[in-house]
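Peer 1: Residues per chain are reported as follows:
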Amino acid sequence: MSKFFDKVLSKNELFLAFIILGLILIIGAINPNFFTLATLYDMLRSSVVMGIFGVGVLMVLVSGGIDISFTAIAAFAMYVTTRYLKGIGFEGSILSAFIISGGLGALLGFINAVLISSFRLPTLIVTLGTSNMFRGFLLAFVGTKIISVLPPGMVRFSRMELFPVKTMIGGTNGLSVSVFVLALVIPITWFILNRTMLGRGIYALGGDRVAAERAGLNIAFIQFFVYCYVGFLAGVAGVVHASLIRTASPFDLVGTELSVIAAVVLGGARITGGHGTVLGSILGVFLVVIMNNSLIMMGVPSYWQTAVVGIIIILGTGLTAWRSRRTHRVSLLDTQES
Amino acid sequence: MKSNSVNNQQKASKFGRMDSGAFSVGALKVDSNILRLLLIAVAIFLVMGLLRPHTFLTLRNFRSMSYQFPELGVLSVAMMLTMLTGGIDLSVVGTANLAGILAAKLMTTALPPGTGGSQVALVIMGAILIALGTGILCGLFNGFLVARVGIPPILATLGTMQLYTGIAMVITKGYAVLGYPEQFLFIGNGVVGIFPVPLILFAAVAVVFAIVLNKTAFGFQVFMLGTNATAARFSGINNTLVLLKTYLISGFLAGLAGIIVIARTNSAKADYGTSYVLQAVLVSILGGVNPSGGFGTVSGLVLAILSLQFLSSGFNMLRFSNFFKEFTWGFVLILVMVINYLSVTYQNRRRLARQKRMVAATDNLVDDE
Chain A
204 MSKFFDKVLS KNELFLAFII LGLILIIGAI NPNFFTLATL YDMLRSSVVM
254 GIFGVGVLMV LVSGGIDISF TAIAAFAMYV TTRYLKGIGF EGSILSAFII
304 SGGLGALLGF INAVLISSFR LPTLIVTLGT SNMFRGFLLA FVGTKIISVL
354 PPGMVRFSRM ELFPVKTMIG GTNGLSVSVF VLALVIPITW FILNRTMLGR
404 GIYALGGDRV AAERAGLNIA FIQFFVYCYV GFLAGVAGVV HASLIRTASP
454 FDLVGTELSV IAAVVLGGAR ITGGHGTVLG SILGVFLVVI MNNSLIMMGV
504 PSYWQTAVVG IIIILGTGLT AWRSRRTHRV SLLDTQES
Chain B
290 MKSNSVNNQQ KASKFGRMDS GAFSVGALKV DSNILRLLLI AVAIFLVMGL
340 LRPHTFLTLR NFRSMSYQFP ELGVLSVAMM LTMLTGGIDL SVVGTANLAG
390 ILAAKLMTTA LPPGTGGSQV ALVIMGAILI ALGTGILCGL FNGFLVARVG
440 IPPILATLGT MQLYTGIAMV ITKGYAVLGY PEQFLFIGNG VVGIFPVPLI
490 LFAAVAVVFA IVLNKTAFGF QVFMLGTNAT AARFSGINNT LVLLKTYLIS
540 GFLAGLAGII VIARTNSAKA DYGTSYVLQA VLVSILGGVN PSGGFGTVSG
590 LVLAILSLQF LSSGFNMLRF SNFFKEFTWG FVLILVMVIN YLSVTYQNRR
640 RLARQKRMVA ATDNLVDDE
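In order, the protein sequence lines correspond to chains A and B.
The first sequence begins at 204 in this note's numbering and counts up by one.
The second sequence begins at 290 in this note's numbering and counts up by one.
Check the hints yourself; a few may be wrong.
Said to hold, decoys possible - Here chain A is said to cover these stretches of chain B; the calculated rule only asks that three of the stretch's residues, wherever they fall, bring their Cβ under 8 angstroms from a Cβ of chain A:
hint, region
1, 436-443
2, 447-455
3, 572-585
4, 605-614
5, 618-624
What the hints assert, rightly or not - Chain B is nowhere near these chain A residues, computed Cβ spacing over 10 angstroms in every case:
hint, residue
6, 221
7, 232
8, 236
9, 269
10, 286
11, 331
12, 364
13, 367
14, 375
15, 421
16, 423
17, 450
18, 455
19, 480
20, 500
21, 516
Because the hints were derived from the structure by calculation, they are not lab data.
Keep in mind that this is a model prediction, so the values were computed, not measured.
Glycine included, each C-beta is placed from N, C-alpha and C at the ideal position.
Modelling step: build the complete structure from the supplied sequences, incorporating the hints.
Peer 2: Here is the structure:
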């Protein structure tokens with residue numbers, strides 16, 4: 204039995220999966236309505252934006268950096284794209300929105316990369332500065348007006364649903380196609396991180412920069428790729444966000460960056476770099492989303508939400524820290540004995 | 290957040306190994322970073338003064354500025370202390386709001402509008418003690434998570450930021466707590482002589498922590514820990530204790546900021562000033578605090594916050610939007626960092642050239658013999 208616990212405790216993804224399962228059982232026991240397909244659809248839809256962000260944040264954390272500007276990038280790319288498409292009266296599909304917004308995001312990520320790579324500035328401070336700049340520029344020079352009628356392509360996208368089921372209130376609820384954006388981003392990122400030299404390089408850079416440099420890896424290229432990729436994903440996530448809530452607001456998204464980072468860290472990525480998996484990050488995002496969305500289902504007033512998320516972060520990161528301390532101590536003992 | 294060449298150079302200058310980092314003006318040793326900040330502050334002041342002489346260079350403007358920046362200033366000192374140890378305290382604003390709300394709750398329940406007399410002084414004292422105590426407890430919990438449990442500071446305080454804000458939310462259910470006695474509002478709005486009370490409080494905090502950091506054993510330990518934690522431990526410093534104390538003090542200062550905030554605005558809210566978190570980081574970095582620890586001065590911090598206040602007030606008078614201000618803050622932060630980087634690389638290159646010349650000169654000497 205204790206062996207089983209050891210295994211669960213040492214394998215982060217398994218541990219998270221158990222916590223999520225336990226949580227689902229508890230919520231379901233309190234409110235049986237939780238066990239419906241409609242709820243599952245809701246949860247999945249709520250996870251899309253945070254999930255795309257999370258996958259990007261994972262890549263930055265693995266590379267040994269941190270990015271807090273991605274929400275500002277998302278808001279910037281999304282709002283500029285929507286305004287542009289509205290302006291030219293664009294009627295086509297959302298795909299163009301994804302391409303423009305993703306491209307803009309990658310461009311802003313490029314600015315981060317130049318500052319981080321060429322001037323060797325600390326990533327936290329650079330992205331703190333650029334997030335102020337991007338958001339400030341957007342609101343001061345682009346506009347502060349909320350666009351409540353989106354281009355038709357984005358509206359069509361938000362209405363597309365699969366496998367509809369009847370909800371209790373009488374309407375129907377289906378699986379939003381936006382889920383497939385996340386379903387596409389996950390394997391791509393997984394492939395880059397686990398099956399390419401670039402991915403090896405990202406882990407190596409995060410694990411030990413000097414060693415990676417001596418091994419002949421092109422650090423500058425890796426950093427440029429990472430920050431542009433995060434920017435690209437942020438741009439895409441921004442468009443998904445706007446189309447899901449059917450408004451494009453330049454005030455949205457900024458402010459959620461720290462909870463995304465927290466979710467990814469809960470998923471086992473280390474803030475010091477070199478560690479983290481896509482599966483873990485997605486599970487971390489699910490955990491936070493379920494917690495956020497189910498408090499009301501459990502009959503807990505919504506003003507408890509912030510405190511509960513705080514407690515989850517402290518417990519989750521505390522357990523990880525405690526665990527790594529323990530294994531570290533054990534390995535130290537081993538070397539002393541041998 | 291890995292240390293880089295810029296940081297190493299700054300650390301080197303701190304311990305006097307790099308002669309070009311500091312130079313003498315008369316008897317005063319002036320840090321080149323401080324001098325640069327002073328120039329920035331003066332330049333902004335002059336530009337704003339020239340552009341808007343009739344509104345910027347008035348007593349009224351100085352009065353209003355000196356009410357505005359102390360709360361952010363106190364929070365920045367708290368942030369700076371934790372950054373000196375190589376950590377960060379994202380929970381300062383959460384702590385300040387929680388402390389303010391508990392103090393406000395006490396005052397509004399113990400003193401319904403209309404009651405007065407000797408009771409008032411007692412309740413105000415109680416409210417202040419509660420706010421400072423809350424700050425200390427919150428800080429102690431941060432310190433426990435960082436120093437004992439071993440959670441990276443950025444994550445520990447990210448969690449407690451949510452937790453403290455969340456507790457404040459639960460207490461107030463999201464509403465503001467309003468209506469405190471006149472005498473308490475004096476802390477936020479009063480004037481002693483010609484100096485506003487918040488400004489006096491900030492000045493006191495700045496002076497006390499300049500002394501603590503430069504003249505006490507604890508200050509030395511903080512710098513040592515931030516420079517090299519392992520070396521600090523092997524030289525007999527109790528790192529756990531130093532970290533606990535640092536976060537405790539940070540919490541205490543946040544509690545003080547909470548008192549100033551509620552006394553100035555006459556209201557306590559769970560989500561007041563959330564943008565102050567990143568602003569406090571920004572002020573610290575601009576002031577020359579090294580985010581990986583070990584270097585930073587209170588005087589740099591004061592100059593940074595003054596520059597930003599001049600900029601901010603000046604922009605208001607030029608009728609720029611708040612969003613433009615946000616943009617400029619980010620821009621200035623990045624600009625200062627890039628200038629720092631370039632000036633350090635330039636100094637290095639010059640030093641290398643000098644060394645080469647010296648080597649060449651000695652070679653010549655040898656040849657002559």
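Peer 1: Does residue 367/A sit more than 10 angstroms from chain B, CB to CB?
Peer 2: 36 angstroms, holds
Peer 1: When I compare C-beta atoms, does the region 618-624 of chain B have three or more residues closer than 8 angstroms to chain A?
Peer 2: Three-residue rule met by the region 618-624 of chain B, so holds; n is 5.
Peer 1: So is residue 269/A really clear of chain B, every C-beta pair being over 10 angstroms apart?
Peer 2: Non-interface label on residue 269/A violated, nearest chain B Cβ at 7 angstroms vs cutoff 10 angstroms.
Peer 1: Test the statement that residue 331/A is away from the interface with chain B: the closest C-beta pair must be farther apart than 10 angstroms.
Peer 2: 6 angstroms, violated
Peer 1: Report holds if the minimum CB distance from residue 500/A to chain B is greater than 10 angstroms, and violated otherwise.
Peer 2: 19 angstroms, holds
Peer 1: For the region 572-585 of chain B, do three or more residues have a beta carbon lying closer than 8 angstroms to a beta carbon of chain A?
Peer 2: Per the Cβ count (3), the hint holds.
Peer 1: Per the coverage rule (Cβ-Cβ under 8 angstroms, at least three residues), is the region 436-443 of chain B covered by chain A?
Peer 2: Held - the region 436-443 of chain B has 5 residues with a Cβ nearer than 8 angstroms to chain A, which meets the minimum of three.
Peer 1: How does the coverage statement for the region 605-614 of chain B fare against chain A, requiring three or more residues with Cβ below 8 angstroms from a Cβ of that chain?
Peer 2: Satisfied; 5 residues make the cut.
Peer 1: Beyond 10 angstroms on every Cβ pair: is that true for residue 286/A relative to chain B?
Peer 2: Check passes; 16 angstroms lies beyond 10 angstroms.
Peer 1: Count the residues of the region 447-455 of chain B whose CB lies closer than 8 angstroms to any CB of chain A, then report whether that count reaches three.
Peer 2: holds (count 9)
Peer 1: Going by Cβ atoms, does residue 236/A stay more than 10 angstroms from chain B at every point?
Peer 2: The claim holds: residue 236/A sits with its nearest Cβ about 25 angstroms from chain B, beyond 10 angstroms.
Peer 1: Are all C-beta atoms of chain B more than 10 angstroms from that of residue 455/A?
Peer 2: 15 angstroms, holds
This entry does not satisfy hints 9, 11, 21, going by the numbered hints stated previously.
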